[in-house]
Each structure stands twice: as structure tokens, then as C-alpha cells.
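Let chain R serve as the given structure and place chains B, A and E on it in line with the hints.
So the protein sequences, as listed, match chains R, B, A and E.
Using the numbering used here, the letters of the first sequence correspond one by one to residues 3 to 214.
Using the numbering used here, the letters of the second sequence correspond one by one to residues 3 to 214.
Using the numbering used here, the letters of the third sequence correspond one by one to residues 3 to 214.
Using the numbering used here, the letters of the fourth sequence correspond one by one to residues 3 to 214.
Derived by calculation from the structure, the hints in this document are not laboratory data.
What you were told as hints is all true, and nothing was included just to trick you.
The list treats identical chains as one, so a pair stands whether inside a single copy or across any two.
In silico DSS-like cross-links for lysine-lysine, where the CA-CA straight-line distance does not exceed 30 Å:
| hint | residue 1 | residue 2 |
| --- | --- | --- |
| 1 | Lys23 | Lys130 |
| 2 | Lys178 | Lys23 |
| 3 | Lys131 | Lys107 |
| 4 | Lys107 | Lys47 |
| 5 | Lys131 | Lys188 |
| 6 | Lys109 | Lys154 |
| 7 | Lys107 | Lys154 |
| 8 | Lys178 | Lys188 |
| 9 | Lys154 | Lys46 |
| 10 | Lys107 | Lys54 |
There are 4 protein chains.
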Amino acid sequence: MIWSRLLKGLGRIDDVELNRKHIDRIYDSFMPNDVYIGLEGFFKKNFDELSKAKNIKEFLWIIGKMLPEKNESILKTAYRNKIPIFCPAISDSAIGLMIWGQMLKGKKMMLGHFDDLNDIIELSWSSKKTGVIYVGGGVPKNYIQQALQFSKSASYAVQISTDIPQYGGSSGADLKEGISWGKLSKNAMYVNVICDATIALPLIYAAVKERF
Amino acid sequence: MIWSRLLKGLGRIDDVELNRKHIDRIYDSFMPNDVYIGLEGFFKKNFDELSKAKNIKEFLWIIGKMLPEKNESILKTAYRNKIPIFCPAISDSAIGLMIWGQMLKGKKMMLGHFDDLNDIIELSWSSKKTGVIYVGGGVPKNYIQQALQFSKSASYAVQISTDIPQYGGSSGADLKEGISWGKLSKNAMYVNVICDATIALPLIYAAVKERF
Amino acid sequence: MIWSRLLKGLGRIDDVELNRKHIDRIYDSFMPNDVYIGLEGFFKKNFDELSKAKNIKEFLWIIGKMLPEKNESILKTAYRNKIPIFCPAISDSAIGLMIWGQMLKGKKMMLGHFDDLNDIIELSWSSKKTGVIYVGGGVPKNYIQQALQFSKSASYAVQISTDIPQYGGSSGADLKEGISWGKLSKNAMYVNVICDATIALPLIYAAVKERF
Amino acid sequence: MIWSRLLKGLGRIDDVELNRKHIDRIYDSFMPNDVYIGLEGFFKKNFDELSKAKNIKEFLWIIGKMLPEKNESILKTAYRNKIPIFCPAISDSAIGLMIWGQMLKGKKMMLGHFDDLNDIIELSWSSKKTGVIYVGGGVPKNYIQQALQFSKSASYAVQISTDIPQYGGSSGADLKEGISWGKLSKNAMYVNVICDATIALPLIYAAVKERF
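This is chain R alone, in the form it adopts within the complex:
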């Protein structure tokens, strides 16, 4: 939806000029600001349906359901295959802003804040073995880590990040650290990949594909 109009360019550019032209820069990618108009239209039109969701997972599936049949986005693919997407920080996004916009006009939406936490921990408990692939750090990594802590420690783990352990944050923490917490099994197989995920992930995917 939003990203289909994203353009690639160079990072060294005049941001004042871009602002005048209503182009939003994301390092070396460029997005016309009017994507927000289409986004707003979508949320205005579909808000009643969307607000039937009781939690974030359901909310994201409803968006996936609404997308055209041939759409190949993550949300459509997840909906089609009933793969849950947990997104605890959804209010920190363009989607969050759109919901805020509708609520300003008096619309209501009430998503269960802690339902996802329930689902992700259940998912881990009910699995025979757990394995994780972290693409980057931040909230997504930590959210999975704490689910593992309170369910079943991971037997397999891959982490792709440009952050490093020495700064002490969760994003860069070595997977091994998780052994102390019970997030990672003491016999787990794991590897920390310190690399931009847009470089490392396709290489890993190609290597896996070659073998199977």
C-alpha cells in the first residue's frame, strides 16, 4: 500500500528542497507524502470493519483480508496462511496515526493491549520445540525474548543485527546471554550475524534454498 510508491535515490540530498516537494526521506529511499491521503481514505472507509478487532493480531488479519486477492504484501500473506503477526507497538506507526485521526472524529476502537502477549506465550508453550530468527532488534526482538522466558527456551536461534553487545542494550545483546535468562536452551544451536539484514537475509535465504 504505502511502499509501492517508494523510490530509491541517494542519501546526500537537500532535505529542505525535499520538504518543499513533499517528499519524505528514509535515508536513500523517498516517499511522496501524499501516500498518507490514500492511507487516510482506506481507514475512513473501513474503520467500522477494522474496529471489530478485539486485539492487534485480529486487526492486522482484517487488513490482510481486505487487501486485493493478488496482493503479495506481508499482511496479505500472513492472513492467507493464518500466521499471527504480533505488533505491541502498533500505535508507533502510520497505522497508529490513522486510527488516531479517526478517533479525533469521534470513532471508537478498543484493542486488547495484552492479548498478543497471551497468544505469543501460548504459541511457544504449545510448540514441541521453539526456534527464533531475529531480523533487527528493538521491540520485536525483546517481545519474543520475554515470551521465551516465560514459556519454552529456544533450541535454535539466528540474530541479524548491526548492533553489538558492548553497548548493553537488548537489540545488540549476544544470543548467548539468553541462556542465563532461560530464553535460550543451554544446548541450543545459535549464531549472531552482525550485518545489515537487507544484505544478510537474502544471502541466508539463497543458501537455504540451495540446500533444500
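Just chains B, A and E now, with coordinates in the frame of chain R:
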């Protein structure tokens, strides 16, 4: 509450041994896992009061209110001075886990997901001028950035982060990029500090204190 | 010579144990310390021939010449194709140590310190256009940069490094900075690649090969 | 000599404009290119004296000796206190370029390439205990490391660097790795500081000063 029992040590250590001793490692800091017992007691005892909160900001003030008068934590200080704390990803935390634990036992809590977004944007709109200090990146940085985008662009900005623009993420993005989005004024004064915030922030604080 | 006996392993390992087994660790690569014995033998046997070199470039070609015909090392390939290798910090290497060892026994070698500088500047002056590919930073990058400063600025430049401009050193300096010095042409085409060169270089090589 | 005319500014600047004004940029420092004129004069005038040096250590002491009595530079201070400065990559510097310039005019200078290696290894052998402080990586770090390998392993080590072990290079290598090589004692006290040295070094200096 939790951190008072945190110990400093060395990062190079046997995590299997730590796990056996119920010590959780955070790089070179060590936390006895039983802090969760105290935390659980607190939430069990106070859940009814806490669940009166209608949104995250109120919820965090209620915790602050409950803390002992002499407590010098961030939550107590913020409550005392009526400084709002916005925390969109609260379910991704030990607090989130404690609430989940209480809900498993049938307790209810319903925090307005998008109220904070409303408050933070209002705060920016109603200010004569806006300025930001980002300590690290992640959700906190982006949440403030999107509030600025939909209100008043910042006239002053400081960013302390170990992440860099070239990986393309929000955490490492140069403040200047915000000019294209309208998050930063085109005449803003700003500086990107690429350093561990635990080193840079005290130095900045000391320099500011020396001058005023 | 030296690297043929290098083994790959894991970085998390007991260095005291390795020391006892006479294995030298280079992050996740392992080298039996007795490679130095073979190296010492080579230098002992060939020192008279090697000491005929008047400068470092000649010295490295003589080693290349001595290597077996089928050898595919960089030194052999460079000798075969008469490609000069400039190595201003040669005393900071295993080769340097071997020469020092021979000199302790009274042998003599006198390499012109500044001849390479002469050659590399000449090479740039006599080229119609200059282009550079920096794989990593350090002395090699700066040595080429200063040659460009005193001859012909580069029209093309690629830099692959994990270092970044913000720390202020030469290794991480943005290529663009070279325009101020006259090291890079103001109309040059250039790109800074912030990535481990062992990942980025093969990808670039494959992409170039695919196109030609 | 050179640095006294260095100015501080901002990294975001037009390098083409700087080039036109003959200002050389080093990230956010700016140097008028005509410092090279003063440098050239110095070398032209003093070359006969300088060329009496038999190796790099002597050469640097002679420069130190020539500097005005009140000069507080590193070279003057080192000369005054007879502290050897080992600089294996001296041809990779403005000094190297100046010597090259004089040699173009037929002057001669012959510095023993491997004498410093001899001196630094001797220094380590003759010490009761060895300790090292690496400020940054590159040739200086490795040159000291290989001296330790062939003499007495370090009992104390501090490393300040922004580079990290995971990229596999010498600059970022964890000090612990040196235990396998015999560069660091297995009972050594050591610490790796991952921080810009211009931030960390003054803090360490202040902390040491406070204690003694």
C-alpha cells in the same frame, strides 16, 4: 524497584552457570531472577487500583503515586512533577508480563491504546516551540518523531545513539532527514551524537550544569 | 604459504587452552603457530636473493617469483602480471618479523623507504584517469589517498569499510571528503559501502561478472 | 606545526566549495592547504640534518630536537624525555610526502626499515613487566602486538577503539584473543573500551588523576 538489586560485573562469563544460579545477565549487569517475585507481589496487591487507569500515561502515574515518598526513581519523579511518560510498547516489558499474569487469573485491565498518541501530539501543538532529546532510538524516538510530523516541527534537537544512518533504520537516521518530513524545522539547531548514551549523557549534563 | 593451514571455527573459545596447544586465534580463524617455522625456513634459505630488492615493491615481486608456478596467491598473481604491490608498513607483519630475525643473525637488507611513494604517485600521474577501490581503511587507504592528492584526483571510487565518518579517522572518512583535498574529482562517481568486505566484495564481484 | 592552524566546524558542508578555497576537510575539522608550504620549507631547510638519522626513531627525535623549546607537541615532549616513538608506516604521512619531495630534487635519506622492530622488541624484553594502552587500532596496535608475541606477553592491557571483534580484523580484535598468541598473559588484567578515544581517553585520564 527492580534495578536496586542490579549488580555490575564482567561480560565474559558462563551463562549456563548463571542460569543455574538464577541470575539474569544484561551484558555486564546481573539481576537475581527473584526480583520478579517482588514485582508479582506488587501487581497482585495493587491491581485493582492500577486497573483504574484509562491509558498508559495514567497507569504509570499511578505506579509513581504508589512508590514511597522518598523514592528517586523516574516514575516517582515524573508523578511528583506531573510529567507525562508515554510508553506505547508497555506490553513489551516486565510490567507487561505482570499484567498478563494477573489477566491469566481473570483480572481485567483496559488501557486506551491510542490515548498517548493524542496527548503527545496535543503537547506539541500547544507548545510555543518544540525541542527534542533522543536518548537512543527505537520506538521512543519514532513515537516522538511522528508526533512532531503531525504537529509542530522541532526547533532544537539532540540525538545520542550508537546507530548510524547508513543502515537505513529510524534509530540511526540523521536528524537532518526529519526536515524532509516536517519533523525538524529547516532552521533548527541540531546535533547527532554517535556515542553510548551512558557516556555522552552525563558529559552533556555536566557541561550544561557548568554553564547555568 | 601461511594461510593454507588456516582453520575456521567459533569465536567463543578458551584462549588459554588454545595457547597451550600453540594455536593462534584470529577471531573465528585458527592458525597453528608452527607456520612460523616454515616461514623462517623460507627466509633463511632465500635471504640473499631477497635482499637484492632495492625497495618493497621489488621485494614482494621476488617472493612472488619464488613461489611455485601453480601458486594462486596474491603475490604470485601480482608477480606474473607485473602488478605492483605497495606496502609501506611491511615491517608490521610476519614478513617483517622474519627479516628482523635474519638481521639479528647479522644479515643485511636495505629497502628504500620512500621508493614506493614515488612509484605510486608516478602511476597515478601517468594514467589517463584514476579510479580506486578501497577494501578496508588504515594505511593502504590513506597511502593511496595521499598519492591522489599529489597527482591526479580519482574519477571513480568505491570504498568498502565497517568504519564510519563520525569518529573522524581516515579509515571511515566519507569519500566525498576527498573532494576538498583534491583526492577525488568534484565530478567523480563514487559510493561508500558500509559492510564487512568479506560479504560485500564477493557480491560486487558477482554483480560485475554478471554484467560483462 | 601542522595542527596549530586546524579549525573546528560542521561535517555537513560543500566539499567543492572547500576545494575552491583550498581548505582540506577531516570530518568536522578544517585545515588550510597552505600548511604544506610551511612544512615544505621546514624540510627543505633541515633536510641535511634530518637525513643523519639512521632509523625512524632517531628521525623523529631530531624533529623533536629542532622544535622550539616551549613547544608542547608530542614529538618535542618525547624528545625531551627520551621516549622512543616507533612509526613503521612513516611514509604514509605528510612527513613521508615531504621527504619524497626532497628526494625528487636529488636529496638522499636512508632509514633502517627494521631497526624500530628491533628496538621495540628489546624494550619489551628488558622490562620487568609489560603493559599496553592501545588508542585506536591499525598498524600501531598490531606493531606492538607482534613485539609482545616475540618477547614478553603483556600483564596489563587497555584498548580504546570503535572497531569490534566480529569483523575479524586486528583493530577490533578483543584483547583476550592475544592470550592464544602469547601477546597477553593468561593472568593479565585487561579491558576493551568500545568508544571514540577522543571521548574515552580524557575520561580515563581524569579518573586516573583523581586517584593519584
